[in-house]
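Chemist: Which chain is which? The protein sequence lines are A and B, in order. Take 1 as the starting number for the first sequence in my numbering and just add one per residue. Take 1 as the starting number for the second sequence in my numbering and just add one per residue.
No wet-lab data here; the hints were simulated from the structure. Here a beta-carbon is modelled for each residue, glycine too, at the ideal position from N, C-alpha and C. Do not take every clue at face value.
Unchecked claim - In silico negatives: residues of chain A with every beta carbon more than 10 angstroms from chain B:
#: 1; residue: R88
#: 2; residue: F166
#: 3; residue: E222
#: 4; residue: G309
#: 5; residue: T480
#: 6; residue: Q483
#: 7; residue: K514
As the list claims (entries may be wrong) - Only some residues are given here: those of chain A computed to face chain B with a beta carbon under 7 angstroms:
#: 8; residue: G41
#: 9; residue: M44
#: 10; residue: L226
#: 11; residue: L229
#: 12; residue: N234
#: 13; residue: P235
#: 14; residue: L279
#: 15; residue: L282
#: 16; residue: T283
#: 17; residue: A286
#: 18; residue: T287
#: 19; residue: V293
#: 20; residue: H447
What the hints assert, rightly or not - Below are the SDA-like pairs computed for lysine to any residue, each with C-alpha atoms no more than 20 angstroms apart in a straight line:
#: 21; chain 1: A; residue 1: K274; chain 2: B; residue 2: L10
#: 22; chain 1: A; residue 1: K274; chain 2: B; residue 2: I21
#: 23; chain 1: B; residue 1: K25; chain 2: A; residue 2: R11
#: 24; chain 1: A; residue 1: K190; chain 2: B; residue 2: V27
#: 25; chain 1: B; residue 1: K25; chain 2: A; residue 2: W194
#: 26; chain 1: B; residue 1: K25; chain 2: A; residue 2: L448
#: 27; chain 1: B; residue 1: K25; chain 2: A; residue 2: L12
#: 28; chain 1: B; residue 1: K25; chain 2: A; residue 2: S193
#: 29; chain 1: A; residue 1: K274; chain 2: B; residue 2: F24
#: 30; chain 1: A; residue 1: K272; chain 2: A; residue 2: Q71
#: 31; chain 1: B; residue 1: K25; chain 2: A; residue 2: K401
#: 32; chain 1: A; residue 1: K274; chain 2: B; residue 2: L28
#: 33; chain 1: B; residue 1: K25; chain 2: A; residue 2: G9
#: 34; chain 1: A; residue 1: K190; chain 2: A; residue 2: R11
#: 35; chain 1: A; residue 1: K272; chain 2: B; residue 2: L28
#: 36; chain 1: A; residue 1: K272; chain 2: B; residue 2: W22
#: 37; chain 1: B; residue 1: K25; chain 2: A; residue 2: P197
#: 38; chain 1: A; residue 1: K190; chain 2: B; residue 2: G5
#: 39; chain 1: A; residue 1: K190; chain 2: B; residue 2: F24
#: 40; chain 1: A; residue 1: K274; chain 2: B; residue 2: A30
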Amino acid sequence: MSEHKQEWGTRLGVILAVAGSAVGLGNFLRFPGQAAQNGGGAFMIPYFCALIFLGIPIGWAEWTMGRYGGQKGVHSAPAVMGIIGRGRLMRYLGVIGVLIPLAVSFYYTFIEAWCLGYFWSYLTGGIGVVSGAPVAEQTAAAAKFYNDFTGNDSDGVIAGGSYATFVFWLLTFLVNMLLVYRGLSKGIEKFCSWAMPAMAVCAAVVLVRVLTLGTPDPALPEQNVLNGLGYMWNPNFSALGNPQTWLAAAGQIFFTLSVGFGVIINYASYMKRKDDVVLSGLTASATNEVFEVGFGGLITLTASFVFLGLSGTAAAVATGTFGLGFTTLPVVFAHMGPFGNLIGAVWFFMLFLAAITSSISMYQPTLAFIQEALGVSRKTATTAMIGVCLVGSFMVMYYSKGGVFRSAIDDWVGTFLIFILAAVQIIAFGWIFGIDRGWKEAHVGAHLRIPGFYRVVIKYVAPAYLIIVFLAFCRSNLPTWVQGVVDSSAQQLALGLITAVTLGLVICTYVGEKRWRAAGIDVDDDHPLA
Amino acid sequence: MNVLGWLFMLTSVTGVWVLTIWCFKRVLAAPDEVPEEIKHFHNA
Numbered sequence: 001m002s003e004h005k006q007e008w009g010t011r012l013g014v015i016l017a018v019a020g021s022a023v024g025l026g027n028f029l030r031f032p033g034q035a036a037q038n039g040g041g042a043f044m045i046p047y048f049c050a051l052i053f054l055g056i057p058i059g060w061a062e063w064t065m066g067r068y069g070g071q072k073g074v075h076s077a078p079a080v081m082g083i084i085g086r087g088r089l090m091r092y093l094g095v096i097g098v099l100i101p102l103a104v105s106f107y108y109t110f111i112e113a114w115c116l117g118y119f120w121s122y123l124t125g126g127i128g129v130v131s132g133a134p135v136a137e138q139t140a141a142a143a144k145f146y147n148d149f150t151g152n153d154s155d156g157v158i159a160g161g162s163y164a165t166f167v168f169w170l171l172t173f174l175v176n177m178l179l180v181y182r183g184l185s186k187g188i189e190k191f192c193s194w195a196m197p198a199m200a201v202c203a204a205v206v207l208v209r210v211l212t213l214g215t216p217d218p219a220l221p222e223q224n225v226l227n228g229l230g231y232m233w234n235p236n237f238s239a240l241g242n243p244q245t246w247l248a249a250a251g252q253i254f255f256t257l258s259v260g261f262g263v264i265i266n267y268a269s270y271m272k273r274k275d276d277v278v279l280s281g282l283t284a285s286a287t288n289e290v291f292e293v294g295f296g297g298l299i300t301l302t303a304s305f306v307f308l309g310l311s312g313t314a315a316a317v318a319t320g321t322f323g324l325g326f327t328t329l330p331v332v333f334a335h336m337g338p339f340g341n342l343i344g345a346v347w348f349f350m351l352f353l354a355a356i357t358s359s360i361s362m363y364q365p366t367l368a369f370i371q372e373a374l375g376v377s378r379k380t381a382t383t384a385m386i387g388v389c390l391v392g393s394f395m396v397m398y399y400s401k402g403g404v405f406r407s408a409i410d411d412w413v414g415t416f417l418i419f420i421l422a423a424v425q426i427i428a429f430g431w432i433f434g435i436d437r438g439w440k441e442a443h444v445g446a447h448l449r450i451p452g453f454y455r456v457v458i459k460y461v462a463p464a465y466l467i468i469v470f471l472a473f474c475r476s477n478l479p480t481w482v483q484g485v486v487d488s489s490a491q492q493l494a495l496g497l498i499t500a501v502t503l504g505l506v507i508c509t510y511v512g513e514k515r516w517r518a519a520g521i522d523v524d525d526d527h528p529l530a
Numbered sequence: 001m002n003v004l005g006w007l008f009m010l011t012s013v014t015g016v017w018v019l020t021i022w023c024f025k026r027v028l029a030a031p032d033e034v035p036e037e038i039k040h041f042h043n044a
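Based on the sequences and whatever the hints tell you, model everything.
Modeler: And the structure:
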């Protein structure tokens with residue numbers, strides 16, 4: 001298993017890689033919409049509560065568990081969870097930690113290809129939204145480009161002749177595979193070390209442009225930057241009395257930090273015994289918040305409000321992440337005059353960087369799992385992973401109509417299972433591994449002491465908070481989701497794909513467990529590290 | 001934008017920037033060896 005030995009080059013490298021994994025399209029597109037719909041500035045109260053009592057402690061637990069598992073010689077979620085949870089049940093529940101990043105990568109790389117395609121289109125003349133045309137015409141043009149490019153109108157985007165989409169997807173996929181194959185230090189870490197600062201520069205460029213828009217149309221003086229910021233930030237305290245607001249805030253924190261995703265546990269497993277996890281975990285979370293609150297909270301809706309006004313922005317928010325990002329903002333860029341295409345190119349390049357730093361983190365856990373479960377080389381594992389990903393990605397691309405197929409994967413794996421994995425992880429850490437051991441383990445090599453009240457938070461508050469949010473989430477979403485599966489053959493197919501992948505991962509875990517035991521790995525943590 | 005809007009925006013944005021800069025300063029200044037106070041804490 002000597003080929004498996006990989007490690008991070010620098011402590012900054014692992015922080016940027018984890019932050020890169022967390023920063024994604026949701027930071028710029030989902031967060032502002034959630035905030036505006038749930039109390040504006042007042043949304044930040046439940047948002048920061050969820051960050052402090054849910055996101056950060058679960059993150060610390062994941063970092064600690066991953067590093068502990070790595071010291072035992074394993075890097076995949078099933079093996080690490082088996083060690084932390086001291087048995088077979090947790091080992092098989094750990095399969096979710098491979099399933100989530102793998103299944104999400106099926107559609108995430110496709111969306112990443114849209115960003116690359118939009119970037120290229122803006123660089124070479126725009127997407128056909130005519131500057132100066134009525135807003136309705138511009139919106140129709142943006143929607144047409146989106147529908148054609150993503151295959152939103154009909155299944156079979158490739159067979160239908162949209163070769164550009166396929167070419168951009170292929171390019172995106174190959175770059176991902178190349179970066180992952182190059183390994184942690186030479187591939188992922190090196191790439192994130194320049195991509196994260198580059199993303200920040202792009203965001204700063206767009207932010208400066210948006211904040212200096214002033215009042216572009218003197219005939220509509222109310223459509224100005226300050227009112228745009230007000231649309232996002234003016235607090236509506238009555239929203240705090242609505243449980244939906246607290247649920248939305250917890251959900252947003254949960255998904256933005258990538259906790260319960262299976263990535264942190266894998267990344268942290270490549271750290272050395274004395275490497276800090278406390279300050280690193282906090283820094284990665286804080287970096288994600290800068291991109292979300294500091295950039296996403298100031299750019300997206302402000303730009304939309306200045307050009308489309310209150311009703312246009314409210315309608316854009318209602319269309320959700322993709323509508324806002326790929327249909328509304330192109331209309332906004334068309335209003336920006338001669339620099340509109342340039343700002344559009346910078347914006348979509350930034351989204352592409354945000355997406356690719358996340359997607360490369362989704363492949364690494366699968367690669368590590370195949371390698372250590374089947375005992376194969378990195379080359380063989382990469383080939384096997386490419387095979388699985390090609391099947392999944394082709395299905396997502398083929399069944400593109402209305403995004404139903406990819407939404408089913410996003411709902412059941414990218415949302416539902418994340419709650420489950422996070423709950424499993426925090427319970428395993430606080431209750432089975434034990435808060436005393438976990439606390440001590442987290443502070444090995446730590447450059448920061450965790451405040452004492454987090455012992456209570458990790459053991460009681462976070463699991464209770466998580467379970468309440470999960471139950472409320474199920475209550476509001478599950479009936480619709482289940483009905484969706486009953487009614488839609490595309491969703492049934494998506495669930496079939498998820499089931500097949502899960503089965504494969506379970507079989508690999510069974511084989512892996514035998515191999516790990518034979519190799520003398522302490523799979524049930526019978527001999528705890530001192 | 002009203003006064004409370006300014007308050008929430010400035011507090012939130014400043015807060016995340018200050019935390020991030022503070023974290024990165026500590027990361028970049030952190031020695032390879034574990035600080036003494038943490039060692040004592042760990043041993044306790």
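Chemist: So which of those numbered hints doesn't the model satisfy?
Modeler: Violated hints (numbers, rising): 21, 22, 31, 36 and 38; every other hint is consistent with the structure.
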